[in-house]
Amino acid sequence: MKKFLLPIILLLTPSLLFAAGASTQLEGGFKVGPAIILITILCVFVLVGVVFRAKDTADFYAAGRSISRVGSGMAIASNWMSAASFLGMAALMYGSGYHGLAYVVGWTGGYVLLLILMAGQIRKYGKYTAADFIGDRFYSQGLRATGAIIAILISISYCVGQFGGIGLMFKWILGIDYAYAVIIGGSVVLAYTLISGMLGVTKNMQIQYIIIIISFIIPLFILTFKFDYFWLLPQIGYGSVVSDIVSGVNISEATQMFNALGHDYAMVPAPEYAMPWDPATGQTFFQWIAIAFSLMIGTAGLPHVIQRFYVVPKARDARWSVVWGLFFICILYWSAPAYAAFGKILSANPEVGKLAKDAIVVYTAQLGGVNPLIVGLLAAGGVSAAFSTVSGLLVAGSSAFAHDLYVKIINPKSSPKKQLLMARLGTVLMAVIVTLLALKNWALIAQLVAVAFSLAGVTIFPLFLLGIWWSGSNKQGAIAGLCTGLLVAIIALTYFIAGKEGVTLPYHEFVNYWLGAWYFAWIGAPLAILVNIIVSKITPETPREIRKFLVLNVHS
Amino acid sequence: MDSNQNDYHISFFKPTTAMAKWNRNLAIKLILIWAVAVFGFHFLLRAIEKPTPEEAYIKYEQVWENVYVEIASVEEMQTFAHTSLSVLGKVFIKPNEKASLDNAVSWVTYQLADSTQKVLLVEKTKEFEKIKEEITSISDPKYIETKKALSDLGSTILGLQKTDPRTKIISVELVSSEMESFKTENKDMIPVIMPTYLIHNQSFLTDFKFLGFPFHYFYSAVFLLVLFVFLCWLYCVRVDAMNIKLDIEE
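Read top to bottom, the protein sequences are chains A and B.
Be aware that the first sequence starts at 54, since it is given in this note's numbering, and climbs by one per residue.
Be aware that the second sequence starts at 19, since it is given in this note's numbering, and climbs by one per residue.
Please keep in mind that the hints were generated in silico from the structure rather than gathered at the bench.
Watch out, some of these pointers could steer you wrong.
[Unchecked claim] Think about it this way: if two alpha-carbon atoms lie no more than 20 Å apart in a straight line, the pair counts; the simulated SDA-like pairs of lysine to any residue are:
no., chain 1, residue 1, chain 2, residue 2
1, B, Lys-150, A, Gly-315
2, B, Lys-150, A, Gly-406
3, A, Lys-407, B, Asp-120
4, B, Lys-201, B, Glu-115
5, B, Lys-150, B, Tyr-161
6, B, Lys-116, A, Gly-315
7, A, Lys-407, B, Ala-117
[To be verified] Beta-carbon label-pair distances, calculated as ranges:
no., chain 1, residue 1, chain 2, residue 2, range
8, A, Val-85, B, Ile-51, 49 to 55 Å
9, A, Val-85, B, Ile-266, 36 to 42 Å
10, B, Val-255, A, Trp-284, 41 to 47 Å
11, B, Lys-160, A, Trp-284, 36 to 42 Å
12, B, Ala-36, A, Ile-267, 45 to 51 Å
13, A, Ile-462, B, Lys-263, 42 to 48 Å
14, B, Leu-264, A, Tyr-192, 29 to 35 Å
15, B, Ser-133, A, Trp-284, 49 to 55 Å
16, A, Ile-587, B, Leu-264, 52 to 58 Å
Since the model is a prediction, treat every value here as computed from it, not as a measurement.
Where a beta carbon is used, it is the ideal one built from N, C-alpha and C, also for glycine.
Start from the sequences and build out the full structure, keeping to the hints where you can.
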């Protein structure tokens, strides 16, 4: 197999000096280079945010509908590529092997549903927020308010994982405690979102996408080149790493190849890494399918993703922005499993110790002896990924708070200035709640984010799917379906939180397995749809003007 | 949809115009391809998989009975230690399972050592344990030196070849306090641990290599994503073409 010259390894591994220890030493103290890179990137973000900042409420909500298709695709990708994508997916595959691919497939496959069933129609419907659509389509202020509250809950749930990722990267760069890192990181992202609003955010998202993807891919080229794999296309080249993990690497095959801690590039066979639903991972076939399905329908129901379709000029642009967005997303998703594979083989020696899975992307680059500044850029990319998503989520959440709750229900005559103030107040409130929850550190980043997907899958997705494609779905059906979805969500999340807090509820093993917090939508969504249909069939028909609007404006 | 009609109804499954029917058919076709590609493939993977043991497991099964009743030959004891190290090298094992395997490896190594080696083994293991607590960096020369000496000694006793990656594991798995006996509770854990870590769900789809990947891994990690982008692209192209054909302005 691989051969490589020691001098070149040493040339490429200045990190050998600072990383000369076990897992805790990989963490290290304050890192000057990465800190400078991070601060520079954040300054660029804020600067762009200030230059393109929101001038009024229309700008704040929907960026004046002036974004191009490719630009919107980049914004979708940047908005989407969160800490869960950047850090979390590799973490899952590092810890659970093939099981982690359920997240990769789920988070990309959902875009096919989103495009075919929703994107163009949502744009044609012409509302600013998900709650707006729900309130109008189901002619109910109560549903509008519920939709807004659900959108806020989803945003909060989604943000918790992101704040966890920001905390981990700030911890790594600044060498401080996780709790302080979460608070500092959270404050910075909050300040940035308040300054820029969505117009700035959208412009920033395009810049963020480029930073995220470059910072993510460069270390992969170095790793594949350094360990003598096909480096011209690392997204394919790492296939041999996976096969090496399965078959094991003898010491004789790894002559003069070491990780940054000086361990041979050798390991015993570990087929459990690549084999499906392997007993060693503790994951089953059912869980693989349930997670992939839940994430797919959750993707098609996420308010902050749906909201991106309002910022393109036409329905055609909304459709093409999905294609571009998915392509840009896939560039990262093709790459993330490579980090997990390299991480697995480079940390195979028991001396490396237990590494924080959510930071495995950064640890892998360190263990692979990548230059510390490039590792710093990678960590800054992780922060950018979390930032881009959090800012979009905070805007979506605050939009729901200010636009759907405050303006539409509480104070319809409020001035634009007051509306903007309420949006910003909503942003601050959400950030505080998210910070407190992130400090709990309940699960891996990707798993925490997956909770938001299941929540969207049992609530928003059925309402949008039936609301767009079946004029027979009425207010009563929507309420009944929503209550069903929420009931499933409440049961699943109650058992999850109780378990994390050490409380054992009746049948907890049964419920935690079949209604896992990150995949309860597998049953919750079909149930919500079924109940919606049954109740709609036995209650008064949808008003004629709504049906007419659907026919003439959405499906014409 | 005809805007002049008196009533207005939309149903995905009952389209009322040619355009709506065309759109419905396209959506069904693409979603079917999508569903079969994702879920169909994984149901197939599930249907044809067979529990396949690693070589280490086959060897373990051959020797375990004798090891359990403590009548195993030297070769059988060595084989058992090798299989235990194969599991310990997998990194992600539960702490209680690791403790059981550490006991197994330490006990076998001690049992196979001659009287001189026994003294040396206990002495070096204790020394290594002490150094591990003292050092701040695993680059410490004293740590490296002691680890190498212990690895060499353990590998010699267990008959491990120098190129075997398990030689790198043994020094960190030996526990001085676990050498005298193989505790019953740990013994009872072994038949649970071994199949969990050494038997895998495999089939020709997992064994066949494609571009260096196990095929099923390539399929999920690379191909499916390409397919998703392609399906989205195809949908947009077809809808655009139809809109132009029917002169629809969105």
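(request) Check each numbered hint against the structure and report the violated ones by number, ascending. (result) Hint check: 6, 9, 10, 16 fail, others pass.
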